[in-house]
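Asks: Here the structure of chain A is known, so what remains is to put chain B in place on it, guided by the hints.
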Amino acid sequence: MRRLFIFLLFPIVLYSCNNSNSNSGGNSSRSAISGAGATFPYPYYNIVFRDFMSANEGYTVNYGAIGSGGGIRSLRDHSVDFGASDAFLNQKEIESMNSEVIHIATCMGGVVMAYTLEGIDSLKLTGELISDMYLGKLKKWNDKKIAAINPGINLPDLDITPVYRSDGSGTTFNFSEYLSIVSKEWNDNMGKGKSLKWPAGIAAKGNPGVAGIVQQTEGSIGYIGSEYALTLRLPTAKLKNRAGNYVDATLETISAAANVALPDDMRATITDSDDPNAYPISLFTWILVYKDQKYDNRTIEEGKDLIKLLQYVISEDGQKVAAQINYAPLPEQALVNNRNLISQIHYGGVAILDNEVSSN
Amino acid sequence: MKDKIFRLLLFFAAFIILLLCAGIIYALVSRSSDAFQEYGILGFIANPEWDPRPATEEYGALSFIIGTIYTAFLALLFCFPFSLAVSLFNGEYFKGKRISSVVRSVVDLLAGIPSIVYGLWGFYAVRPLIIDLGLNAQGFGILLSSVVLAIMIIPYASSLSTEFISMVPNNLKEGAYSLGSTQIEMIRHISLPTASSGIVASYILALGRALGETMAVTMLIGNTDRIPNGLRDTGNTMASVIANQFGEADGIKLSSLIAIGLLLFIITALINLIAKLIMKRVGRA
Numbered sequence: 001m002r003r004l005f006i007f008l009l010f011p012i013v014l015y016s017c018n019n020s021n022s023n024s025g026g027n028s029s030r031s032a033i034s035g036a037g038a039t040f041p042y043p044y045y046n047i048v049f050r051d052f053m054s055a056n057e058g059y060t061v062n063y064g065a066i067g068s069g070g071g072i073r074s075l076r077d078h079s080v081d082f083g084a085s086d087a088f089l090n091q092k093e094i095e096s097m098n099s100e101v102i103h104i105a106t107c108m109g110g111v112v113m114a115y116t117l118e119g120i121d122s123l124k125l126t127g128e129l130i131s132d133m134y135l136g137k138l139k140k141w142n143d144k145k146i147a148a149i150n151p152g153i154n155l156p157d158l159d160i161t162p163v164y165r166s167d168g169s170g171t172t173f174n175f176s177e178y179l180s181i182v183s184k185e186w187n188d189n190m191g192k193g194k195s196l197k198w199p200a201g202i203a204a205k206g207n208p209g210v211a212g213i214v215q216q217t218e219g220s221i222g223y224i225g226s227e228y229a230l231t232l233r234l235p236t237a238k239l240k241n242r243a244g245n246y247v248d249a250t251l252e253t254i255s256a257a258a259n260v261a262l263p264d265d266m267r268a269t270i271t272d273s274d275d276p277n278a279y280p281i282s283l284f285t286w287i288l289v290y291k292d293q294k295y296d297n298r299t300i301e302e303g304k305d306l307i308k309l310l311q312y313v314i315s316e317d318g319q320k321v322a323a324q325i326n327y328a329p330l331p332e333q334a335l336v337n338n339r340n341l342i343s344q345i346h347y348g349g350v351a352i353l354d355n356e357v358s359s360n
Numbered sequence: 001m002k003d004k005i006f007r008l009l010l011f012f013a014a015f016i017i018l019l020l021c022a023g024i025i026y027a028l029v030s031r032s033s034d035a036f037q038e039y040g041i042l043g044f045i046a047n048p049e050w051d052p053r054p055a056t057e058e059y060g061a062l063s064f065i066i067g068t069i070y071t072a073f074l075a076l077l078f079c080f081p082f083s084l085a086v087s088l089f090n091g092e093y094f095k096g097k098r099i100s101s102v103v104r105s106v107v108d109l110l111a112g113i114p115s116i117v118y119g120l121w122g123f124y125a126v127r128p129l130i131i132d133l134g135l136n137a138q139g140f141g142i143l144l145s146s147v148v149l150a151i152m153i154i155p156y157a158s159s160l161s162t163e164f165i166s167m168v169p170n171n172l173k174e175g176a177y178s179l180g181s182t183q184i185e186m187i188r189h190i191s192l193p194t195a196s197s198g199i200v201a202s203y204i205l206a207l208g209r210a211l212g213e214t215m216a217v218t219m220l221i222g223n224t225d226r227i228p229n230g231l232r233d234t235g236n237t238m239a240s241v242i243a244n245q246f247g248e249a250d251g252i253k254l255s256s257l258i259a260i261g262l263l264l265f266i267i268t269a270l271i272n273l274i275a276k277l278i279m280k281r282v283g284r285a
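Protein chains in written order, with the working numbering: chain A, 1 to 360; chain B, 1 to 285.
Source of the hints: derived by calculation from the structure; they are not laboratory data. Some clues are possibly wrong.
Claimed, not checked - Which chain B residues face chain A? A few, computed with CB under 7 angstroms, are given here: (1) G43; (2) N47; (3) R53; (4) E57; (5) A125; (6) G222; (7) N229; (8) G230; (9) D233; (10) N244.
Just so we're clear, the structure is a prediction, and the values are computed from it rather than from any experiment. Each residue gets a CB set at the ideal place from its N, CA and C atoms; glycine is no exception.
For reference, chain A alone in the conformation it holds in the complex:
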């Protein structure tokens, strides 16, 4: 019995010795940078954080895609270093944060209407029709209002099943903001927000949840990030933008939506832009960090690490990942504003501008 005990103790001791050796040298004692939030940009963050880690030895970034609402709450609770959200903080949320929070836009994307109808690869929809679907007023796919803008397509006599988010979602925020702009009825009855009171349809958790249900349900339609639709090969509807053109969500159309004046604090929405090529449900997605990095037990090193990550994400290397996953890189004005905001991050009054970082 005793021999067995010693026998087991030996490898455990060896293992712990090994670990401490590698820790005493180099940067591996650096703590991980943790973040949580939106599922919409998760495909983007997945790749860009991985690239950051391989470009910077010893750094670790962990990201939990729990929804924009969860990200904001985690940041407020100080359980993560940064939060990620597709909805910028409203006045009430800003007041509930214990200290000032800045928004760094990381990329742009489009919320697409993915649907599953057998044999129909192309469909045109307008904001009013989508609003009617989600209000439960438009019940069948072969309704004449849909047929009117889709001549030549054989729409089936099938119930429309709208799918929405069961958790607090920035994607929902942008989607409902778009519908509030294009439909007075939606604005009066539903409004915009991360969580709403939906009269029709079914709900799922996260972008992947909605995408999964749409893929499995004949006659369903759901709003998701364009990358999710592409990964699952779901057809998406062309939407009518303000200028009257039916557009898909592509790099060009999403970037065209950002041709607006951007405020310094980067809290802006680019929904229903009047650029003729713009995709109507385009959005910014943000990483939220505290302006004063001195809270709880944070060290100035942790603040520096966080800034290094932010600078990488908005650098050329970080931005070109966006195109790979069918989102869009930030326009120049957004990058300028971001750099300005990052330079304002301080540690108890001491500015942290990381001069060692090689990114531009």
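Replies: Chain B alone, transformed into the frame defined by chain A:
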């Protein structure tokens, strides 16, 4: 001396368990007090509204209480014939035989399958069936979750029932046979009445399990926060709404979710208590 230390350790361990339970109850009660103060205890329980919009924020537990009770009782109804059949099979007809141990092992296997795996199976295997039967355009809803829930609670209902049915004294059964009854008559008039309290207890325990089930239900019920209009409609249960909305809830919404958690805790505790009382009565008899 060793004895004393050992006893002390045991008391210590038991004390920690009690402390833990008290701690859980305290945490639930203290954090849900905001919601109960805002809406009133009965007001909160009887309110079917669940409106998260900032302008018209209002929370009430009724939709979820009804959804939970609806799915749990429906699951019990669906599982009843199957679990009774299995328990008679194991406890009476093939008692002690090889086939009975095989069936028991398989049923125990069913009990061991994780909830999320049931949810996955229900999503990909049972849902298309419901769509094909024409019951529903998208498959999700009360019916789908009740069916899967029924399969999940069959092991709990049947294993305990089997015990009680096999515990019926042989002399009672032989007495019935000697009076000329068939096996079915014997079961109807002797076995089932004798084991009835135990069987009821086992179903109540199964119900308790069904009430708290989270993952499988949240994947299959459609997550619509309102009172369901019947079997074909979608709805939401107490456990499912907490799982979905807990991550970003704060303020009064968080307090409402914790209040729902407290209500669920109380309901399942009560159900388990009733089952225990019944079993105690049977033990004494």
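Asks: Regarding the hint that G43/B lies at the interface with chain A, is the smallest CB-CB distance below 7 angstroms?
Replies: Since chain A brings no Cβ nearer than about 19 angstroms to G43/B, farther than 7 angstroms, the hint is violated.
Asks: Let me know if the C-beta of E57/B comes in closer than 7 angstroms to any C-beta of chain A, holds or violated.
Replies: Interface hint status for E57/B: violated (10 angstroms vs cutoff 7 angstroms).
Asks: Please verify that hint: G222/B, Cβ, nearest Cβ of chain A, below 7 angstroms or not.
Replies: Result: holds, 4 angstroms to nearest chain A Cβ.
Asks: Measuring from the C-beta of R53/B to each C-beta in chain A, is the shortest one below 7 angstroms?
Replies: 5 angstroms, holds
Asks: May I ask you to test the interface hint for G230/B with respect to chain A, counting a Cβ-Cβ separation under 7 angstroms as satisfied?
Replies: 15 angstroms, violated
Asks: Against chain A, with CB atoms and a cut of 7 angstroms, does the hint on A125/B hold up?
Replies: Violated: closest Cβ of chain A sits about 12 angstroms from A125/B, beyond 7 angstroms.
Asks: With chain A as the partner, please determine if N244/B meets the hint condition of a C-beta pair closer than 7 angstroms.
Replies: Constraint on N244/B satisfied, holds at 4 angstroms.
Asks: Should the hint that N47/B touches chain A count as held when the rule is a Cβ pair under 7 angstroms?
Replies: 13 angstroms, violated
Asks: Does N229/B hold up as a contact with chain A if the rule is Cβ-Cβ below 7 angstroms?
Replies: Interface hint status for N229/B: violated (12 angstroms vs cutoff 7 angstroms).
Asks: Does D233/B pass the interface check with chain A, least Cβ-Cβ distance below 7 angstroms?
Replies: With Cβ-Cβ at 10 angstroms, over 7 angstroms, it is violated.
Checked against the numbered hints listed earlier, the structure breaks hints 1, 2, 4, 5, 7, 8 and 9; every other hint is satisfied.
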